[in-house]
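Undergrad: What follows is the residue order along each chain.
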Amino acid sequence: MSQWVIKGIQSGIRTTRYPAHEEIQAGVSPGLPLGRDTVTDEQGRLLVDICPTGAIALENGRLCVEPRRCVHCFRCSRAIQFPLDWQPGYEWAGYAFGRSAPAPPWPKVFSTSLHILVVDAGDCGACLNEVKQLNNPYYNMHRLGFFITPTPRQADILLVVGSGTDHMKIPLLEAYEAMPAPKLVMAVGTCALSGGVFGASFVSGGGVAGTIPVDIEVPGSPPPPLAILHGLLVAAGRKHPVATTNVAQVGAPA
Amino acid sequence: MLNVTQMAPEAERRWPGQVQAWVDRRKPVCELRPTVSGILPDIAKWLAVDLRYRFAGLIVEEHQTEWEFRCLFYARKEPGWTHLLFRQPLDATTIPSISLQVHAADWHEREAEDLFGINFEGHPRLGDFVLHDNLWQEAVNPMRRDFDESAALAARAPDTEWRPRRIVQDPGAFVMPVGPIYSGVTESVHFLLETVGEDVIRAFPRLFYKYRGIEKTAEGQNVNQCLLLAERFAATTAFSHAFAFCQAVEAVCRVKVPPRARTLRVFFAELERFRHHAGVIQEICESTALTVAANQAAILEEDLLRLSCSLAGHRYLFGLVIPGGLSCDFSDSACREASKKATEILANLQDLERRLRYSSSFLDRLEDVGIVSEENARQFGLVGPIARASGLKGDMRKAQPYSGYERFAFGVPLETEGDGFARLRVLFAEAAESVNLMKQAANALESGEVWASVAFQPGVALGWVESPRGATFHWTRLGAGGVIERYHPITPSFVNWHGFHLAAENFAFQDFPIILATFGLSAAENDR
Numbered sequence: 001m002s003q004w005v006i007k008g009i010q011s012g013i014r015t016t017r018y019p020a021h022e023e024i025q026a027g028v029s030p031g032l033p034l035g036r037d038t039v040t041d042e043q044g045r046l047l048v049d050i051c052p053t054g055a056i057a058l059e060n061g062r063l064c065v066e067p068r069r070c071v072h073c074f075r076c077s078r079a080i081q082f083p084l085d086w087q088p089g090y091e092w093a094g095y096a097f098g099r100s101a102p103a104p105p106w107p108k109v110f111s112t113s114l115h116i117l118v119v120d121a122g123d124c125g126a127c128l129n130e131v132k133q134l135n136n137p138y139y140n141m142h143r144l145g146f147f148i149t150p151t152p153r154q155a156d157i158l159l160v161v162g163s164g165t166d167h168m169k170i171p172l173l174e175a176y177e178a179m180p181a182p183k184l185v186m187a188v189g190t191c192a193l194s195g196g197v198f199g200a201s202f203v204s205g206g207g208v209a210g211t212i213p214v215d216i217e218v219p220g221s222p223p224p225p226l227a228i229l230h231g232l233l234v235a236a237g238r239k240h241p242v243a244t245t246n247v248a249q250v251g252a253p254a
Numbered sequence: 001m002l003n004v005t006q007m008a009p010e011a012e013r014r015w016p017g018q019v020q021a022w023v024d025r026r027k028p029v030c031e032l033r034p035t036v037s038g039i040l041p042d043i044a045k046w047l048a049v050d051l052r053y054r055f056a057g058l059i060v061e062e063h064q065t066e067w068e069f070r071c072l073f074y075a076r077k078e079p080g081w082t083h084l085l086f087r088q089p090l091d092a093t094t095i096p097s098i099s100l101q102v103h104a105a106d107w108h109e110r111e112a113e114d115l116f117g118i119n120f121e122g123h124p125r126l127g128d129f130v131l132h133d134n135l136w137q138e139a140v141n142p143m144r145r146d147f148d149e150s151a152a153l154a155a156r157a158p159d160t161e162w163r164p165r166r167i168v169q170d171p172g173a174f175v176m177p178v179g180p181i182y183s184g185v186t187e188s189v190h191f192l193l194e195t196v197g198e199d200v201i202r203a204f205p206r207l208f209y210k211y212r213g214i215e216k217t218a219e220g221q222n223v224n225q226c227l228l229l230a231e232r233f234a235a236t237t238a239f240s241h242a243f244a245f246c247q248a249v250e251a252v253c254r255v256k257v258p259p260r261a262r263t264l265r266v267f268f269a270e271l272e273r274f275r276h277h278a279g280v281i282q283e284i285c286e287s288t289a290l291t292v293a294a295n296q297a298a299i300l301e302e303d304l305l306r307l308s309c310s311l312a313g314h315r316y317l318f319g320l321v322i323p324g325g326l327s328c329d330f331s332d333s334a335c336r337e338a339s340k341k342a343t344e345i346l347a348n349l350q351d352l353e354r355r356l357r358y359s360s361s362f363l364d365r366l367e368d369v370g371i372v373s374e375e376n377a378r379q380f381g382l383v384g385p386i387a388r389a390s391g392l393k394g395d396m397r398k399a400q401p402y403s404g405y406e407r408f409a410f411g412v413p414l415e416t417e418g419d420g421f422a423r424l425r426v427l428f429a430e431a432a433e434s435v436n437l438m439k440q441a442a443n444a445l446e447s448g449e450v451w452a453s454v455a456f457q458p459g460v461a462l463g464w465v466e467s468p469r470g471a472t473f474h475w476t477r478l479g480a481g482g483v484i485e486r487y488h489p490i491t492p493s494f495v496n497w498h499g500f501h502l503a504a505e506n507f508a509f510q511d512f513p514i515i516l517a518t519f520g521l522s523a524a525e526n527d528r
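For the protein sequence lines, the chains are H and D, in the order given. Note that my numbering gives residue 5 to position 5 of the first sequence, counting from 1, and the numbers run on in steps of one. Note that my numbering gives residue 140 to position 140 of the second sequence, counting from 1, and the numbers run on in steps of one.
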């Protein structure tokens, strides 16, 4: 078995230096569409119409993007007359109680270590796969004191992905109620925040906020591992939530 | 083996006066239309058992005045489709089950029963499938056109007393429930494992916790909205599903996809297969607690996700394939560069494979564990790497070539043992073939456009691809103006979950997570 030990050592250190340094490797994030301060009516209407989930809105001549609705379909940036720029980056997580609110008064106990319970409430597989990547050598979230825990009884934070399907409502609520206080809920991915392309239907919740109270929101379809890591750091009070420029307040998820 | 044109006279000869045959040489499709429902099981048996056609799926459609039941069959070597088609008035909701003759149809009929309220006469187990019986009454049929979702929700009375049926009645037997919430990062599936102690005697996966009703949501949407659903209901194989859906739309609208787009689609489909297989290999290593190997595979999966993102803009290739071609073009050199990078990643994967083959503690957990025989694989109609590890040949890229696959030289790896190690070897070998195809595609790129405009018109067509998990079929009926009237994806996970219990039963509890990992199934793809 010594071959594995040697192989492991030979591989060297792959781990990102985030959050101490910005990660600049190619392919870590698809980015998000960027709002625009000046836009003609024609450009604006074209972009608003082409967005299938209503993530783009015109407000007082400004073009605003609601990341919680963006599903990364690239329709605003490809094969279109006035393409919208996308900004790279991954620090997208924010507080759920309105974007301008001050830091919520949750206790400092989470600042050094968080135990995470992951619940799949109807995920397509991508968000869950990105959560899984947090344990790979590139991201290695253990080094930051973040651990996946097997039981809600030991969990500090409930990481929920998926649009909140009808059949998962009861298990999700039971898992939340089984967690000791104080506890946080982090909704990961556009589906968990607004229902994404599945919307609200008789079996799809249009987001998980109707079932359990969400504290931290991580937009993205799926949010890349670094975005989820940013969300966890925000939950721990070790990173600031996203700045609010050019973010539309249209149709906050129900 | 009969081809499509030989099929029609042969069927008419066997069931004189009871079967009308209709052939469309363009697709090619042979429709067999029995005049009485009673002979449906016989014809299905003739196709699936005597002629050894593969059963692809059952499609139920509710038209204005009648039901349409369509069973899809295809030959393994002869291009072309045989549809077994039967129509009956809307008030007749009973039809003979074919699942006693063609066991692969079992779950398809259960699904149709739950969603449409069709009674498949003779089917041994209907109910509690898509809609869980502890939440929904049997009379709720969401896929019916007159379904009123607010009334159904208002009338709902959850049954707290409901318990799943137990089969094992030995003294000391009990049911071990697992899921739907797990200790790690796992999709929501509920397993009811019946046991008397050490061995799993009966494994019963209770699925559809993630049922999002995309087929219902799609109805009335336009093609571009439905494309998002097709792409995202199972996003670890997003490109393949969007690819299949687009091929269906292109077939309806008779669009000729530009050659460059066809080749690029092959390139990206194979990139996705490579990345998917690396992910499954990672999970197999992790399930055996071989940490270094699991981390090595995780590095390769992340490398491939980054490669996808730096080339196509998205780690899971979202927004790339659209009806008529691709949403953006790529330079030949970028594709060649990417295939070179993929070759480097493959070399690392093959190094991992070599090391795993010399790790006896790892092999002990896989060899002779979770066996599916070829006969079982055939009966359950299993597809993809799982079927090919059991010696069952079949790959849509060879059987019914699409998007120019017939132009490329590639092998379809086959193993015969049907155990966990055979499935792992198939995954490794297929990853190598995918890189081989990426290279060929990158060097065969034609010049020209990557998109042809699509004029939507009414019609119906089947789109199919060999997705990383196996044969995938998207049945799409368009109305006027490109509005979806019926959309029914038949996914490899749906088919393979049906046979999963074969591998899990009669093995020890501690083997269960490993067998599950070697299957590499997706709950999202099954649940839709």
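Worth flagging that the hints you see were computed from the coordinates, not collected in a lab. Don't be surprised by glycine CBs; every beta carbon is placed ideally from N, CA and C. Check each hint, because a few of them may be wrong.
Claimed, not checked - If the Cβ cut is set under 8 Å, some of the chain H residues that face chain D in the computed set are: (1) K7; (2) G12; (3) L58; (4) N60; (5) S113; (6) G162; (7) S163; (8) H167; (9) P180; (10) F202.
Undergrad: Take the hints in turn and mark each one as holding or not.
TA: Going through the hints against the structure:
no., hint, in the structure
1, K7, "holds, 6 Å"
2, G12, "violated, 11 Å"
3, L58, "violated, 21 Å"
4, N60, "violated, 29 Å"
5, S113, "violated, 18 Å"
6, G162, "holds, 7 Å"
7, S163, "holds, 6 Å"
8, H167, "holds, 5 Å"
9, P180, "violated, 16 Å"
10, F202, "holds, 4 Å"
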